[in-house]
Each structure stands twice: as C-alpha cells, then as structure tokens.
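Asker: Chain by chain, the residues:
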Amino acid sequence: MSNEQLVKKSPSFFNNPKNRSLVYQFLLLAGLSYFFYGIVSNTIANMEALGIKSGYGFLTETAGFDILMSLVPYDATYTYGRTFVVGLLNTILVSIVGIFFSTILGFIIGIAYFSKNWLLHKMSIVYVQIFRNIPLLLQVFFWYFAVLAALPGARDSINIGEAFFLNVRGLYFPAIVGESGSGFVHAALAIAVIAAIIIKKWAKKRQDETGQQFPVFITAIGLIVGLPLITNLILGTPFILDYPSLQGFNFAGGVTVIPELMALTLALSVYGAAFIAEAVRAGIQSVPHGQTEAARSIALPEKRIMSLIIVPQAMRVIIPLLNSEYQSLIKNSTLATAIGYPDLFTVFVGTTLNQTGQAIEIVFMTMAAYFAINMLVSVIMNFMNGGVALTERK
Amino acid sequence: MKKLSTIVAGGLALVALGAQAGTLDDVKARGALSCGVSTGLAGFSQKDEKGGWSGLDVDVCRAVAAAVLGDASKVQYKPLTAKERFTALQSGEIDILSRNTTWTHTRDTSLGLNFAGVNYYDGQGFMVSKKLGVNSALELGGAAVCIQAGTTTELNLADYFRTNGMSYKAVTFDSSDQTRSGFESGRCDVLTSDQSQLYALRIGLTDPSAAIVLPEVISKEPLGPVVRQGDDAWFNVVRWSLMAMVEAEFLNVDSASADTAKASGSPEQKRLLGAEGGAGEKLGLSEDWAFNIVKQVGNYSESFERNVGSGSALKIARGLNAQWNKGGILYSSPIR
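If you read the protein sequences in the order shown, they are chains A and B. Numbering-wise, this note's numbering puts 393 at position 91 of the first sequence, and it's gapless, one number per residue. Numbering-wise, this note's numbering puts 90 at position 98 of the second sequence, and it's gapless, one number per residue.
Honestly, I wouldn't trust all of these hints.
To be verified - One side only, chain B facing chain A, incomplete, derived with CB under 7 Å: (1) K39; (2) G43; (3) T79; (4) D100; (5) G104; (6) G134; (7) G142; (8) A150; (9) Y152; (10) N156; (11) G157; (12) M158; (13) R310.
To be verified - Rough simulated footprint, nothing fancy, chain A against chain B, three-plus residues with beta-carbon under 8 Å: (14) 175 to 188; (15) 211 to 222.
Keep in mind that the hints were calculated from the coordinates and are not lab data. Computed from a prediction, not measured in an experiment: that's the story for all the values here. Glycine is no exception: its CB is placed at the ideal position from the N, C-alpha and C atoms.
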C-alpha cells in the first residue's frame, strides 16, 4: 500500500465529542437567551400598552406613611427609597437576633439528646417533634396572640423600679445616651475585645509549645467588663440614662422593643432551634464512637469529651446544615407581614407597592435584597466550613 | 439607565395579561362576571350565612352582571386584600374591582386603571374606646393607631397628625379583621379607617357600646368600582350600570314598580327601562339592561338601605350619599 492510502481520513466535525458539546452548549445558550429576551420585551411592551408606569423614579417620591419601628431616623416626609432601607435594617435585625437565639437553643437541645438523664433526653425529642411539625405561620400567630394576651395594658405595666416596663405595647428600658467623653469608653471596649482575641491566640500558642493552660475565658471577661468600667469611672461616667415614662397614652423615651419583634423572634428562634437541634444531633452521631471510647480511656470528664473531642469533629457535618437553616430563617422572617412587624417585605412589598403600584420593580428589588443577604450568609458559612472540613492530601 | 434597569427588572418577572380591549366579549363568552371584593367587610362585601356574598360593592357587580348577562347571580367573587387588589385587576384575573377603593390621582393615572364612578362618598374617621375619655381627634397625640397596610388611610393619618403637631405609632395589619383584634387586645388605642368601615368594625367588637367613633372626618374618600384602561366599551358598561341604579332612584323606580313603570311610566322611566330609546344597543347590551338591574338588584336607595342603612346592622344615614335634590351629592346623567 502507498503512503497516501495509509493516511487516515480526518474525522467529520461532529465525531469529535468536544465539538459536539460546544455546538450543544451554543444552541442551549441561544435558546435560553431568546426565551429570556422574549419574556422581557413582552413584559415591557405589555406594561407600556396597559399604561402602567415603569422605572425607579418612585424611589425619590415622598412616602407619606409612618413605620412603627425604625433603626434609622424616619418619618412620613422621607422617601420610598428610605422605606426600603428601614425595612432592610429591620429584617437584618430580626434575622441576627433569631439566628443567635436559635443557635444557642438548638445546640442545647441537640446535646441534651445525648444526656444520660432520661428526662432531658425525652424532652429533647418531644421539643423537636412539636416545633418541627407545626407550620411556622401558626407558631408566629400563636406567639403574637399569646404575647399580646398575656401582657397588661399600658396603664398597668409590669415594672422593675421606674426603669423597666413590660406591657402590651412593648418592652421598655432606659436608653444609654453618651455625652462628650463617651467615645473613650467605646474605644476602651474595642481595645478590650481585640486584647481578648490576642490573648486567646497567644494562650493557644503557649499551650501547643509548653502544655501550660491559661485561664483565657476569665481573663477575657475581666478585660471586656473591667477596662470600659475603669475608663467610665475615671472620666466621671459620661453617660445619662433616658428613662421611659408614661405620658398620656404611651411611654416616651428610652428604648422600645415592640411586641411584634418579640413574638417574631420567639417564633423564629423556637422553630429554628428544632431544626438546628436535629443538625447537631446528626453531627454528633457522625463522629465515630471510637473517639468517645478513646477519650474515656484517658480519663477525660464527660463534659470535656463533648466540648474538646466530639463537637469540634461534629462541626464539619453541622456547619453545612446550619448554612441552610440560617438562610431558611432569614427567608421565614418575611412572615412578619402576618403580625405587622415592619420588615422589608411588609414595608416595601406590602405598603410601598400598594401605594405606588410599581409591582415589578419593587418585587425585583426585594428579591435582590434577600438574595444578597442569603449569599452573604452562605459565603460566611462556607468560609467557616473550610476551616473544619476534612482536608485530603492532593 | 432607566430602560436598562427596567429590562433587568422585567427579566425576573412574568406578567400575565388579560385581554386588552374586549372585556365585554370575554364576560359574555365566559357567562359570568369575575368580581374582586374584599376579604370581608360588613355592609360592603361580606359572605353571608348561606355562603353567598352581599354588600354595597357586591351589588355593583351584580348590577353589571344583570346588565350584561341578564342574571345578577352570575358573578364569581374573588376576595382580595388591600395589597393584591390592583395587581389582580391589572393582570386580568378579575374584570372589575369593587372593593371600597378610594379614587385617587395616583391610582387613576399610574396603574393603568380607570375609576368608573363613585358608589359611596366616605371620609376617614377614628374610633376609640369610651374608657379613654377622649372626645376629639386632636387629643390623640402619642397614641398607638391600628391601620390596614397599603391604604390611603395610612397616608391621611400621617398628614393629619403631622399637620396638628402630634406624634403617633402606626401598627399595621393586613386585613381589617386583624385591625379590630389589635384594637380589642389593647395593642393600640385608636382604630382608624373610612367611617363606614368603622361602623362595620364596631359591630364585630365583643362590646360595641364600649367604643365611640370620634366626630372628626379627616379626608375625602370617594369609593367606587375600578376597571382596566384601554377598554372603553367595558368602562361605559360599568359606569352606566352604576348610574342606572342612581338614576332609577331619582326617577322613583324601584324593583317593585319596575314592571309597571316600563309599561306605563313617564318617558324618562321608559327610556331608562328600555321600553324606548335604544340605550342598551349603544352600550353593546340588550335593551333591558337597566330593567334587569332595577328588578334584580334594586335602585341605589334599596341597595343602600339593605346593606348599610336602616335595613342593616350598621344604620348609616344617607348623608352625602343621598340624591342631589335631597341634600346629598349623588347626581346621575340622564339616559337619553
């Protein structure tokens, strides 16, 4: 045979799997782009034809309504854009508080499952079964009406001295207002926190090298409480307390925690704790029993076994589950609309949407906000996960 | 930038569109009128013990159904909260929104909707518990006020308190029933809403005599039915159905006397009831459109007295809602 006949014919274009996959991906991309383009242009054309105003100009118009609770200054003369900020901050507040309490409660209940005490073990199971199986909306209503029904009216509040009041309008306590010089106390607090972190790192390093332990916890508490306190006394207490007082219908002054916030936090924490307890239980059960046996064989006390051996290893299972739980809690906070807590959904998608009629822009902004918050939580949790995940040799 | 952000916004939403023009044809083809009402407001739109709907707003829908389909019972009622009502109408889910909706400039111009008339002239008021010993709205500084979210009530409240230099705490709820439970539980001192709603809500309290409605009326609230823009034929049908009820009262025709009036009444009565004049054909309806309305639903005063007046638990006086020649401001255009 001649050399020319031995040369293989080059295969057709589609016989190469790489080329095929490129073509399919290109077709899919073209199809999706056409689909989305069609939806978007159809929406815009329809809205114009219906005479519905579009655009984000409404964000600079005056809102005209008041919001029950706001972390930044707000009244009816501010703009709709401001209501977005107010709602967003309220959502972030209830999310942070809910995550904090549900994590603590969830860990306690999850670890209680493994207690040798029969009652604790059973209570853990009962708690999870009850609060996991009842719809969250019902729980929110329950806490709200239970909270409202149990508390007395404003004129007969439960009070501790003249400083703390609890009634159906909310929980009132004195606000600490800083005068000149209070900046030093804040700075002292910040310095104390940083010092505590540095001491913790130093103590760990020392323990790794020499085996000596250092009472980090006590020292940290002492610093964080003591340093600002000393600064406070030296400067002559540059703070005044703004006491809440009953004027006419309601209390004025001081800090108010509205019952809607209390009820929503209670509901979210109790509900989230049930799921987090299960995540903790899954994590702890994932640690091989050999670890516990080995720890017992070197005479570690039970509590130390849990905190030094089991839970750190359990965290690599718990943290990804916590990630979902936190995001679920943040999204569940939109149930605030059922009880009138002014979170982002209630204030923006509820009131502002109804006043302006700009449904698409408002819903899009709200979706983007919740998406951004959840992505942030996810990034933080994944970062923490990276710290505890099993690493394999590459 | 505006176009780009709108494109981006539109990219994440789907808007279902009902028919632009041609709602009249759609209703005839479907054989029933799709009517948006409230989730339950005594006197205006409420489910009764038999499972049917009754109320002043419900009667508007029944009148339109009687005019278009010849049968006032051919209506599908869709209960809507204050937040959903406009999107339901814009998207075509309902043909007409009859839900004690205030006719304001913003709603009439920027939502792609038209108000077809006013079926109740109302105003915003306050309700407080008698125990507070308050006699005027000007003594309400610092109070907690229960309101329904997303209504003109919220805006008027803010304006009134700001104008009079008073502060307040706004406790918002989704539905008027929730505002009433908030008021009863003591969460707020004051309940504010349209005066007609206040009377309706007061009936639902465990002790209605313990609450009083303060005399101040702080805003104008002309309530009326709403339809989509760009559908003039349908707009005419709804507008003239409402006006037929008012005109029937003006001409002293009611459901009992409709037959005799049609046969042997005055020329105006005959023109209204379709015995002569051809008014129905010009609307695209049959000639007994108004006759069906008056016979099956009644004229405006019958509807008023039955739902919110002397024949109901609310006992609201005609006041502004009487005919123009009887001390009120209801004035219908002549049918000719």
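Asker: State for each hint whether it applies.
Answerer: Going through the hints against the structure:
The criterion of a C-beta within 7 Å of any C-beta in chain A is not met by K39/B, whose closest approach is roughly 22 Å, and the hint is violated. About 26 Å separates the beta-carbon of G43/B from the nearest beta-carbon of chain A, more than 7 Å, and the hint is not met. Annotation: T79/B was flagged as interfacial toward chain A, and the flag holds, the nearest CB pair being 5 Å apart, inside 7 Å. The restraint placing D100/B at the interface with chain A is violated, with a minimum CB-CB distance near 11 Å, outside the 7 Å limit.
Checking G104/B against chain A by beta carbon gives a least distance of about 4 Å; that is within 7 Å, so the hint holds. At its closest, the beta carbon of G134/B sits 5 Å from a beta carbon of chain A; the interface hint therefore holds under the 7 Å criterion. Against a cut-off of 7 Å between C-beta atoms, the interface hint on G142/B holds, since the closest Cβ of chain A lies about 3 Å away. A hinted interface residue such as A150/B counts as satisfied when its beta carbon comes closer than 7 Å to some beta carbon of chain A; here the least separation is about 4 Å, so the hint holds.
Annotation: Y152/B was flagged as interfacial toward chain A, and the flag is violated, the nearest CB pair being 11 Å apart, outside 7 Å. Hint on N156/B is violated. Least Cβ distance to chain A is approximately 13 Å, over the 7 Å limit. A hinted interface residue such as G157/B counts as satisfied when its beta carbon comes closer than 7 Å to some beta carbon of chain A; here the least separation is about 13 Å, so the hint is violated. Taking 7 Å as the C-beta cut-off, the interface hint given for M158/B is violated, the closest approach to chain A being about 10 Å.
Hint status for R310/B relative to chain A: violated, with the closest Cβ pair at about 31 Å, above 7 Å. Counting residues of the region 175 to 188 of chain B whose C-beta sits closer than 8 Å to any C-beta of chain A gives 4, which meets the bar of three, so the coverage hint holds. With 3 residues having a Cβ less than 8 Å from any Cβ of chain A, the region 211 to 222 of chain B passes the three-residue criterion, so the hint holds.
Hint violations for this structure: numbers 1, 2, 4, 9, 10, 11, 12, 13, all remaining hints satisfied.
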